[in-house]
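Participant: Each protein sequence line maps, in turn, to chains A and B.
Each step along the first sequence adds one to the number in the UniProt record's numbering, with nothing skipped, and position 7 is 7.
Each step along the second sequence adds one to the number in the UniProt record's numbering, with nothing skipped, and position 387 is 387.
Mixed in with the good hints there might be a few duds.
[What the hints assert, rightly or not] Restraint ranges, calculated between C-beta atoms of paired labels, are given here:
1) B:Asn-348 with A:Leu-107: 26 to 36 Å
2) A:Lys-108 with B:Lys-374: 55 to 65 Å
3) B:Asn-553 with A:His-113: 45 to 55 Å
4) A:His-113 with B:Glu-342: 36 to 46 Å
5) A:Arg-54 with B:Gln-313: 31 to 41 Å
6) A:Ile-59 with B:Glu-294: 51 to 61 Å
7) A:Leu-17 with B:Glu-342: 51 to 61 Å
8) B:Glu-320 with A:Leu-24: 57 to 67 Å
9) A:His-43 with B:Lys-44: 27 to 37 Å
10) B:Phe-687 with A:His-43: 52 to 62 Å
11) B:Gly-691 with A:Arg-54: 19 to 29 Å
12) B:Lys-482 with A:Leu-15: 50 to 60 Å
[Said to hold, decoys possible] Restricting the straight-line Cα-Cα distance to at most 27 Å, the calculated cross-link-like pairs of lysine-lysine (DSS-like) are:
13) B:Lys-278 with A:Lys-73
14) B:Lys-457 with A:Lys-88
15) B:Lys-226 with A:Lys-82
16) B:Lys-350 with B:Lys-375
17) B:Lys-2 with A:Lys-82
18) B:Lys-177 with B:Lys-27
19) A:Lys-82 with B:Lys-125
20) B:Lys-65 with B:Lys-336
21) A:Lys-72 with B:Lys-344
22) B:Lys-636 with A:Lys-35
23) A:Lys-82 with B:Lys-65
24) A:Lys-88 with B:Lys-2
25) B:Lys-177 with B:Lys-569
26) B:Lys-135 with B:Lys-75
27) B:Lys-2 with A:Lys-73
28) A:Lys-7 with B:Lys-135
29) B:Lys-75 with B:Lys-278
30) A:Lys-72 with A:Lys-108
31) A:Lys-82 with B:Lys-336
32) B:Lys-75 with A:Lys-6
33) B:Lys-275 with B:Lys-350
34) A:Lys-82 with B:Lys-571
[Said to hold, decoys possible] Take a look, some chain A residues computed to stay more than 12 Å from chain B by CB distance:
35) Lys-14
36) Ile-25
37) Arg-34
38) Ser-42
39) His-43
40) Val-66
Note that these hints are calculated values from the structure, not bench results.
Don't be surprised by glycine CBs; every beta carbon is placed ideally from N, CA and C.
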Amino acid sequence: MIDQAKKVYLEKDKLILENNIKPLITKELIEEHRKTPVGRHSHELTLVLNYFRRNHEEIAGKDLIVCTEPHKKWCLGEHPGKRGVPYKVFEDECFDSREAAEHGLFLKRLKKHGLLDN
Amino acid sequence: MKITGYTDRMSVQPGENIKFMVNSHHKKYKAEIVRLIHGDSDPKGPGVKIEKIAARVNKEYNGRKQDIHMGSYIKFDAHRIFEQISSFSLQAMIFPTTPELGTQGILTKWSPADQTGYGLFIDEKGCLALWIGDKKGNVEKISTNQPLVSGCWYFVGGSFDADSGKMTIFQEAVISKTNGRFSLPYGADNQNISNEKNIKVQPCADNNAPFLIASIFEKKSEGKYKVINRYNGKIDRPRMASIALSKEEMTAWIDHPSGEGLVAAWDFSEGITKKGFKELEKVYDKSPNQIHGETVNHPTRAMTGYNWTSEEQNFVHAPEQYGAIHFHDDDLTDAKWDVDFEWKVPDNLKSGVYAAHVCAGDDEDYITFFVRPKKGQPTAKTVLIIPTASYLAYANNRFQDIPLAQLMFGRAPVVQQEDMYLGEHAEYGLSTYDHHNDGTGVCFSSSLRPILNMRPKYRHNLSPSLWQFNADLHLVDWLTEKGFDFDVITDQDLHLEGAELLNQYRVAITGSHPEYYSGQMLDAIEDFQSDGGRFMYMGSNGFYWVVAFHPENPNIMEVRKNYGNQGWKSKPGEIHLSFTGEQGSIWKHRGRAPQKICGTGYVAEGFEVSSYYRRTEESFDPKVDWIFEGIDKDEKIGDFGLVGGGAAGLELDIYDTELGTPSHAVIIASSENHTSVYMPVAEELYFNIPGLSGAENPRVRADMVYYPTPNGGAVFSTSSIAYCGSLSHNNYDNNISQLTENVLRRFLSDQPLPWGEKEQALTKS
Chain A
1 MIDQAKKVYL
11 EKDKLILENN
21 IKPLITKELI
31 EEHRKTPVGR
41 HSHELTLVLN
51 YFRRNHEEIA
61 GKDLIVCTEP
71 HKKWCLGEHP
81 GKRGVPYKVF
91 EDECFDSREA
101 AEHGLFLKRL
111 KKHGLLDN
Chain B
1 MKITGYTDRM
11 SVQPGENIKF
21 MVNSHHKKYK
31 AEIVRLIHGD
41 SDPKGPGVKI
51 EKIAARVNKE
61 YNGRKQDIHM
71 GSYIKFDAHR
81 IFEQISSFSL
91 QAMIFPTTPE
101 LGTQGILTKW
111 SPADQTGYGL
121 FIDEKGCLAL
131 WIGDKKGNVE
141 KISTNQPLVS
151 GCWYFVGGSF
161 DADSGKMTIF
171 QEAVISKTNG
181 RFSLPYGADN
191 QNISNEKNIK
201 VQPCADNNAP
211 FLIASIFEKK
221 SEGKYKVINR
231 YNGKIDRPRM
241 ASIALSKEEM
251 TAWIDHPSGE
261 GLVAAWDFSE
271 GITKKGFKEL
281 EKVYDKSPNQ
291 IHGETVNHPT
301 RAMTGYNWTS
311 EEQNFVHAPE
321 QYGAIHFHDD
331 DLTDAKWDVD
341 FEWKVPDNLK
351 SGVYAAHVCA
361 GDDEDYITFF
371 VRPKKGQPTA
381 KTVLIIPTAS
391 YLAYANNRFQ
401 DIPLAQLMFG
411 RAPVVQQEDM
421 YLGEHAEYGL
431 STYDHHNDGT
441 GVCFSSSLRP
451 ILNMRPKYRH
461 NLSPSLWQFN
471 ADLHLVDWLT
481 EKGFDFDVIT
491 DQDLHLEGAE
501 LLNQYRVAIT
511 GSHPEYYSGQ
521 MLDAIEDFQS
531 DGGRFMYMGS
541 NGFYWVVAFH
551 PENPNIMEVR
561 KNYGNQGWKS
571 KPGEIHLSFT
581 GEQGSIWKHR
591 GRAPQKICGT
601 GYVAEGFEVS
611 SYYRRTEESF
621 DPKVDWIFEG
631 IDKDEKIGDF
641 GLVGGGAAGL
651 ELDIYDTELG
661 TPSHAVIIAS
671 SENHTSVYMP
681 VAEELYFNIP
691 GLSGAENPRV
701 RADMVYYPTP
711 NGGAVFSTSS
721 IAYCGSLSHN
731 NYDNNISQLT
741 ENVLRRFLSD
751 QPLPWGEKEQ
761 ALTKS
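I would like the entire structure built from these sequences, with the hints used as guidance.
Facilitator: Right, dumping it as structure tokens:
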């Protein structure tokens with residue numbers, strides 16, 4: 001994407017965040033995700049998750065879950081955006097199940113987008 | 001991952017030798033041959049099952065590091081003419097795809113260590129340049145000083161006259177309405193540059209660096225080249241002269257190279273036949289010197305040249321417009337490691353899935369391979385067709401690198417240690433789901449490299465748990481636990497031996513996702529069915545992509561993607577396979593939809609959770625109700641399992657008589673209750689419209705289908721990738737296991753099937 005197109009994309013993306021995503025964030029929505037981090041979701045939660053997962057169609061900075069010990073430990077991570085460079089692993093953001101890691105990631109993304117207080 | 005390895009072949013038969021290549025960062029490692037039965041380490045399942053096999057090669061070995069050198073280029077046998085050059089000209093048509101990455105070799109005889117030689121390059125500023133280095137290390141460079149634009153064809157050249165010391169360079173944009181990114185020559189005048197200067201150095205041509213196209217030689221160790229500054233993009237019609245040609249003379253040489261000073265005039269379209277390239281690795285020089293070359297790591301051929309008009313889409317019909325080769329700095333089709341040990345497979349070894357387990361300290365690898373029965377000597381009535389073409393397609397895939405993959409998955413990709421390693425080690429090669437560094441799609445995959453996701457214990461991030469190889473071990477385990485005798489064969493065996501191989505068996509069973517098929521493989525399945533074979537399709541999205549194996553080296557496979565559900569799209573005019581000249585894309589577009597093979601075909605996908613099937617009213621008909629013997633009529637079928645928690649999930653197939661489902665086929669069960677992450681596949685859509693997801697759309701479902709085929713055969717299709725992950729639930733006592741066993745036992749029986757061919761009808765709607 002050239003800079004001009006990217007600028008327009010990010011403007012529209014921000015508009016979508018403000019108009020369509022932000023109003024959906026409620027305690028109930030966060031609780032729904034906590035109960036079912038992966039699987040069938042309400043229409044509202046699906047919209048929020050799709051927005052987060054799109055990440056402006058950029059791979060750099062994309063959130064990952066890294067399994068550091070099979071069936072025991074899942075840490076949040078981040079894609080460096082290019083090949084030949086290790087993925088970032090946040091050792092202080094680890095969980096004991098894949099589902100807990102998904103919910104941890106959800107809360108992190110809410111904060112990243114200014115949708116939840118730190 | 002301090003120890004990794006691969007074999008020289010995917011399939012081996014008793015009595016044959018198989019070679020193992022190992023890279024070990026440990027000084028010593030142990031190797032042991034093992035039989036793989038179950039590779040899912042999920043605590044909710046039966047656990048990993050691996051059996052040791054007594055073998056002569058089970059012992060300790062000295063470890064050594066073995067590197068992989070990726071990148072494609074053309075090399076030549078040593079030729080005195082390259083060494084004797086004083087005056088020279090180098091020219092080509094080029095279509096750079098990453099000029100911004102800096103120095104890349106185009107036509108080079110250059111030694112970076114002592115800065116000697118000559119060559120045509122893209123320089124560190126992304127401009128075209130000619131370099132000359134003399135014996136004393138004096139270097140002269142001339143550049144166009146105008147960065148090249150990616151995705152645009154250029155006529156480029158440079159010359160040196162030894163008598164006058166004149167060095168020239170030029171680049172000229174060649175923009176037609178069809179050959180590249182632009183059709184109008186915006187600012188082309190600024191792109192068209194000629195420079196010259198007089199220099200005092202003379203090229204040291206005899207510099208021990210071989211002449212290469214598309215790279216710079218760095219070193220040779222143990223007979224293997226390592227190249228650097230690898231070029232990304234196309235090259236068409238490269239020529240070399242032993243005199244300094246004027247630009248006008250070079251222009252004449254684009255299509256008519258002849259006359260004084262001609263050293264070489266390579267024609268990359270030479271070798272094209274009506275059935276694809278005769279020898280894909282061979283590059284021909286049309287000059288009297290016949291300095292023929294050989295490609296390394298399979299750059300892509302059958303690519304549109306600078307003169308492509310878009311009127312012809314298939315290279316075999318207009319070879320003169322397909323004189324380009326597309327090189328990638330990350331192409332890899334052979335790691336070329338030295339052999340560490342070789343094993344003669346014992347005559348009495350049972351057919352199955354095997355590995356050499358190599359381990360040192362906490363590091364281990366399972367170097368997997370498949371033992372088929374000796375040719376003409378089946379050892380069972382059932383054969384499991386291991387979908388090795390599909391394993392190749394996904395080999396070392398990096399779904400976590402795809403920007404929108406998380407939307408398709410409906411969750412974050414769970415990155416395993418193997419994925420972490422591949423993220424850092426691009427040299428392990430890409431899958432046919434990845435893009436090259438220049439953004440173009442990967443059309444070749446090879447097993448001549450460690451495939452880290454073709455391993456037991458590996459958990460795949462496209463699936464909630466397992467996918468392809470390790471998921472297929474769910475089926476291997478179930479067959480083993482249930483006491484069914486079976487042989488295994490690979491896709492390559494099927495491709496090479498056809499129906500003759502399958503016809504030795506009463507029942508042929510597929511893996512969970514036999515997605516990639518050659519024409520020969522489809523023929524084999526259909527001929528087996530026509531001859532009365534009984535066929536169990538144990539997955540979904542099968543018989544989908546058109547592939548071809550390398551005619552002499554079945555470790556290498558080619559695919560050209562577009563017009564389906566895909567990781568990349570081939571560029572205009574480039575959808576035909578270079579191996580065969582046949583149209584790539586999906587079989588549906590060639591009149592061979594999967595519905596013809598197994599009654600159902602790819603309809604939808606989603607990858608976060610799986611669902612279950614419900615029996616249909618038709619399933620209670622006596623001609624098919626035996627399939628459900630022992631199962632209550634209202635039971636949900638497969639609402640459990642190790643792949644997403646259900647038997648119906650990941651990818652789903654649908655019954656469709658328009659696409660070739662036989663009209664007498666019966667939908668015996670169908671899945672329901674899929675989530676909104678499940679979406680129809682692109683090729684099933686006419687327009688993208690709201691309301692298509694699994695939560696709203698009754699076409700998002702897996703149809704379990706059964707129908708008789710001629711001469712006493714039948715087809716049973718599960719139509720779901722997740723299906724086999726449910727077989728082991730509740731210690732193999734569950735309705736998916738029961739149903740599968742009912743079908744397989746009946747198929748193995750000498751008795752005619754309850755519903756015979758008399759009731760088949762081609763005309764019934």
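Participant: So which of the earlier hints does this model not fit?
Facilitator: 1, 4, 6, 10, 13, 18, 21, 28, 32, 33, 38, 39, 40
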